[in-house]
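We have chain A; now place chains B and C onto it with these hints.
Spelled out, the chains give:
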Amino acid sequence: MQSEVVLKVEGLQTQFDTRRGLVRAVDGVDFELRRGEVLGIVGESGSGKSITAFSLMRALPGLSGRTVGGRVLFHGTDLLGLPESDMRAIRGARIAMICQNPNTSLNPLFTVGEQLEETIRFHAGSKAQGAGASARQRVLRLLAEVQLPSPEIQMRRYPFQMSGGMKQRVAIAMALVCEPEILIADEPTTALDVTIQAQILHLLREVRRQHGTSIIFITHDLGVVAQLCDSVAVMYAGRVVEYNEIRELFRRPRHPYTAGLMQSNPVFGQRQERLYSMEGQPPDLVSPPAGCAFAARCPHVQPLCRQQTPPRVAIDERHFYACWRDAPQGAAHAA
Amino acid sequence: MVGLFVLVGIFAPWLSPHDPAQQNIGNTLMPPFWEAGGSMAHPLGTASLGQDVLSGIIYGARVSLLVAVCAVFLSGAFGVTVGLLAGFLGGWVDSLLMRLCDMQLSIPFILLAIALIGALGPSMGNVIFVIAITNWVSYARVARAETRSLRERDFVKAARISGTGLARLLAVHIFPNVLNSVVVLATLDIGKVIIFESGLSFLGLGVQPPTPSWGAMLADGRKYVNIAWWLSMFPGLAIMVVALGVNFLGDWVRERLDPKFLE
Amino acid sequence: MLLEVKDLTKHYQVSRGGLLGAKATLKAVDGVSFSIAEGQTLGLVGESGSGKSTIGQMLLLQTPHTRGSIHFEGQDLHALQRDYRAKLMGKIQVVFQDPYDCLNPKMRVGDIVAEPLRNLARLSAAEIDRQVAAVIEKVGLRPSDLRKFPHQFSGGQRQRIGIARAISVKPRFIVMDEPVSALDVSVQAQVINLLRDIQREDGVAYLFISHNLAVVEHLSHRIAIVYLGRIVEVLDSQGLNTAAVHPYTLSLIDAIPVPDPERVRADLRLHGEIPSAMDLPRGCAFQARCAYAQDRCRQETPALQDLGAGHQVACHFHTLTRAG
Chain A
1 MQSEVVLKVE
11 GLQTQFDTRR
21 GLVRAVDGVD
31 FELRRGEVLG
41 IVGESGSGKS
51 ITAFSLMRAL
61 PGLSGRTVGG
71 RVLFHGTDLL
81 GLPESDMRAI
91 RGARIAMICQ
101 NPNTSLNPLF
111 TVGEQLEETI
121 RFHAGSKAQG
131 AGASARQRVL
141 RLLAEVQLPS
151 PEIQMRRYPF
161 QMSGGMKQRV
171 AIAMALVCEP
181 EILIADEPTT
191 ALDVTIQAQI
201 LHLLREVRRQ
211 HGTSIIFITH
221 DLGVVAQLCD
231 SVAVMYAGRV
241 VEYNEIRELF
251 RRPRHPYTAG
261 LMQSNPVFGQ
271 RQERLYSMEG
281 QPPDLVSPPA
291 GCAFAARCPH
301 VQPLCRQQTP
311 PRVAIDERHF
321 YACWRDAPQG
331 AAHAA
Chain B
1001 MVGLFVLVGI
1011 FAPWLSPHDP
1021 AQQNIGNTLM
1031 PPFWEAGGSM
1041 AHPLGTASLG
1051 QDVLSGIIYG
1061 ARVSLLVAVC
1071 AVFLSGAFGV
1081 TVGLLAGFLG
1091 GWVDSLLMRL
1101 CDMQLSIPFI
1111 LLAIALIGAL
1121 GPSMGNVIFV
1131 IAITNWVSYA
1141 RVARAETRSL
1151 RERDFVKAAR
1161 ISGTGLARLL
1171 AVHIFPNVLN
1181 SVVVLATLDI
1191 GKVIIFESGL
1201 SFLGLGVQPP
1211 TPSWGAMLAD
1221 GRKYVNIAWW
1231 LSMFPGLAIM
1241 VVALGVNFLG
1251 DWVRERLDPK
1261 FLE
Chain C
2001 MLLEVKDLTK
2011 HYQVSRGGLL
2021 GAKATLKAVD
2031 GVSFSIAEGQ
2041 TLGLVGESGS
2051 GKSTIGQMLL
2061 LQTPHTRGSI
2071 HFEGQDLHAL
2081 QRDYRAKLMG
2091 KIQVVFQDPY
2101 DCLNPKMRVG
2111 DIVAEPLRNL
2121 ARLSAAEIDR
2131 QVAAVIEKVG
2141 LRPSDLRKFP
2151 HQFSGGQRQR
2161 IGIARAISVK
2171 PRFIVMDEPV
2181 SALDVSVQAQ
2191 VINLLRDIQR
2201 EDGVAYLFIS
2211 HNLAVVEHLS
2221 HRIAIVYLGR
2231 IVEVLDSQGL
2241 NTAAVHPYTL
2251 SLIDAIPVPD
2261 PERVRADLRL
2271 HGEIPSAMDL
2281 PRGCAFQARC
2291 AYAQDRCRQE
2301 TPALQDLGAG
2311 HQVACHFHTL
2321 TRAG
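Protein chains in written order, with this note's numbering: chain A, 1 to 335; chain B, 1001 to 1263; chain C, 2001 to 2324.
If we strip away everything but chain A, and leave its shape as in the complex, we get:
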């Protein structure tokens, strides 16, 4: 059952000017997103996963970041080439985002109901709402949809009166105002308790089921990815090193980093003598080493790995991984 491709990212590259030099935060990201699909972007700190999300939204933090390469095709239109006014119509309305810290998306000075109403009114021009539905009714419905108990009471609450999980639900409600086609979630559950995280993941599944929303879920937690996502892009040092369907990824991780990540993750119920751990740390993004970024830590490293960036090896027509191990010798086109 193949649904249409909603988003196609090709060769995305984003850089930052810092005092220490040019940081290639995102240096080659490719993936596809179909309608109703949940894509997980997995990586550790410094992998570039959050910057990828901001690049898609054209909302890079600070002043020194620039997306310098690649295409972001939303229904065939390259978002990177759009004028800012067109992008504004898309941002928030058709592609929405929720962040790790709900405090950044919620204004502490206004009640939750007021903020939702404002969002509804702001976007009222871009999508036709149900006939006769007042903004307040919509707010109540949204709050109920994100499974907040007693929406009439919650509406009048201020953010500081709510717990982290509740605030995150409100943030999701705000993102859903225009029924966006794509919801980008940047580590939305990392700061939450595990029982609340389970509820939020359950909620996101419901949202996908009811609205057919595609979700890009950014995280470092392989367990969350396994429970929620249909496909996964594993990022390391700004690049996608493996992109595959979820079951296949877990059954047979092809990139050594993916394998290492899975092995070092302590799994509940499987107590081990000693945790497998990868040596070393991620490379410095200001002066990355030549060749494969993972070479210094890879148990399968060969001399070629340190010289040339590994090419993409296709797994099927959509999916790939980037490693020299199985690449046909001589196929030296850089990813």
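FYI, nobody ran anything at the bench for these hints, they're computed from the structure.
The beta carbon of each residue, even a glycine, is placed where N, CA and C say it ideally should be.
Derived pair list, reagent style DSS-like, types lysine-lysine, alpha-carbon separation capped at 30 angstroms: (1) B:Lys1157 <-> C:Lys2006; (2) B:Lys1157 <-> C:Lys2170; (3) C:Lys2170 <-> C:Lys2138; (4) B:Lys1223 <-> B:Lys1192; (5) C:Lys2091 <-> B:Lys1157; (6) C:Lys2138 <-> C:Lys2148; (7) C:Lys2170 <-> C:Lys2148; (8) C:Lys2106 <-> B:Lys1157; (9) C:Lys2091 <-> C:Lys2138; (10) C:Lys2138 <-> B:Lys1157; (11) C:Lys2148 <-> B:Lys1157; (12) C:Lys2170 <-> C:Lys2006; (13) C:Lys2148 <-> C:Lys2091; (14) C:Lys2170 <-> C:Lys2106; (15) C:Lys2006 <-> C:Lys2091; (16) C:Lys2091 <-> C:Lys2170; (17) C:Lys2138 <-> C:Lys2106; (18) C:Lys2106 <-> C:Lys2091.
Partner residues are not named here, just some residues of chain C that face chain A (Cβ under 8 angstroms, in silico): (19) Glu2047; (20) Ser2154; (21) Asp2184; (22) Asn2193; (23) His2211; (24) Ala2214; (25) Val2215; (26) His2218; (27) Asn2241; (28) Pro2257; (29) Val2258; (30) Glu2262; (31) Val2264; (32) Ile2274.
Below, chains B and C alone, put in the same frame as chain A:
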């Protein structure tokens, strides 16, 4: 820019073409060298008793900078200590010290200056003392605020658990981390104090002649502002330039100290 | 037993707000008892509001207690004189959660690690240097790192420095408050292995406070589950997955996302928010969210019962939770 003035102040005796106190009745009120009647011997003109303006500016730099640095240092040292103790110990110590700050703030600077100088007599030392006495409160406030937030940081808790005593905690853990904000405040303060000192000297409460001071020169020039504009202009310019320069210095210091740790 | 804690309690008096400022009691920790043997790790697991961090702070004598006793090596910690307490403090050390906050940014690493030794041991400067160099190597860093400043190190390395500082005085017991929660998965594994090695070599006991059951299961010998200031279950970590019976423990286990896409949990066992410790209802703290709650749960607070083999649980109906 500031560095230049500091250097000028230090090397004043060698740089200055004349002894600024030397009076030369024959040459009174000469204009700067680019006007008629002026000469290169006194490039910026002379004052009412023939003193060379340029030398006055150069030696005045000494006074201003010396007073500023000493006063800032003294008020800073006292203020920061008060702030550290108030912030860290909290409780009644905090309340007591903060009331002390409030009391200090309620006394107008000029009033106190006049009273103290009147009692102690005008001299550079007393000027430094007076300025220090009135200026310490902002340091205390800043130090207290920083200390209160630092107190909750993990590395401070770790030090306490490792058995570190109060004195060492304040000296090694709290103070160096408070220093950032304090240094920024101090650099900006120098400009402020120079203006204070000039004000005091202008009122006749500061250093006395024959020691030159920019403020005194301004006061002196006031009487002649119609016929000898250079007597007010150059000292005023000097004050302004140094104050500006110090402000820039403060901004630069703040920039350098902060992002390194935000990086 | 190295450490015996009995009925440890911390209540805060808070004003409820409003014009009259009515007072309420926030029962952050409410009658907690446990013990830790030499060289063993007790994992303390709970979510926000469970009071687990407060328990750690009380063991370190950083937070004053409202009630209860702590006996370390047979001595009552609260009763000791101040200077004697300082002597004992070398035996109890701490590792904090945030590697970016636990080191003084203005101090060199060598001085940071040497600080406990300088405070608590009577050694010559040369001897201190020698021991500091030895301990920094033990945590996997180099003596040349001692001259550097914290900002020159990554999160995982900073955490190692914090660990080096803690073990420099050869403590018998270390309180660790979420020591790996702020680290990436690959680095987390390194630090967990290091902590395990240190325990094996030096016989140090740990109180491992965490919300991550997988990590706790890996590193602990015994685990205590905390909910709203009370311990609801204590058992060996080996049996955690199979033998746990408290409804909250089971919900926690249930909520852990399993990294296996073949086993997706479609339904949700635990609903509702974690309530505030300020308005604890009469009876069991978990009653509002418990699938097995009955009248008795609302009337009578369950006490910790002994189920044998070191397994204790505080629930009236624990026999029902795994049946069927």
